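J.: Sequence:
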Amino acid sequence: PNAPDVIEGLPELVARYKGKKAISVICRDAFFNPAFLRGTTQFLMDMIDRPKFVHELIEVTLSYDIPAMVRMVKAGADVVVFGDDYADKNSTLMSPKHFKEFILPGLKRCVDAAHEAGAYVIKHTDGNIMGILDMIIETGIDGLNPLEPVAGMDIGLLKEKYGNRVCLVGNIDCGYLLSQAPLEEVRRVTRETILKAKPGGGFMLSSSNSIHSSVRPENFLAMIETWRQYRDYNGE
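Numbering-wise, the sequence shown is residues 1 to 236 according to my numbering.
For the record, the hints were derived by calculation from the structure and aren't laboratory data. Computed from a predicted model, the values in this text were never measured in an experiment. Just so it is clear, CB atoms sit at the ideal spot from N, CA and C, and this is done for glycine as well. One should not assume that every hint holds.
[Said to hold, decoys possible] Cβ pair distances, simulated, as ranges: (1) ASN234 <-> SER63: 45 to 51 Å; (2) LYS52 <-> ALA75: 44 to 50 Å; (3) LEU195 <-> VAL6: 39 to 45 Å.
Sequences are here, hints too, so could you generate the full structure?
T.: Structural data, given as structure tokens:
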């Protein structure tokens, strides 16, 4: 965590943008690095066959990940995005029981450490996370991203249930909608998403994952133009 390249480029960004833009860094919590070391399938099997080993492996990875993250915040990062994915479009990669036992405690430690260091926390995870979302919210995260609509992450339902507890970030489909859809459909869906999610604040419009190479520039611009049209609250 003390290697020079951990914060490579960050001091320059801080000097250029601090106080003008939110400086964010992407970090790992308790799932990605252990799964990378073992292979995702094997790591998930380990949760059943070798639970003690799983706890030990997570502890090893967090002993690096948390100090590295804190160092980034101390160097000037305003927002920490914990980017471990827990789900696919159908459901979580593990049962809620196994998430609670193995992943949740480490995620909570990461969130607490980021807050103690002075940063806001956005939790990123693709897929349908409804089965574990209450637990994720309870860790005290400030934002949740990317809310994939094609994975059943309904922005209206999320706003109603969690809108007073966490900032919702995302929900514009970066697959079909931003890559193939007619411009009018992009405008309509973007408008509907904003109007469902913005009442009372706590919403940041973004794609449901990224602006990748298949996104049509004109569709991206249609999303941005619609956001500019409907972003103001006008006293709401």
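J.: Could you check the structure against the hints above and give me the numbers of any it violates, in ascending order?
T.: Checked against the structure, the only hint that fails is number 2, while the rest are satisfied.
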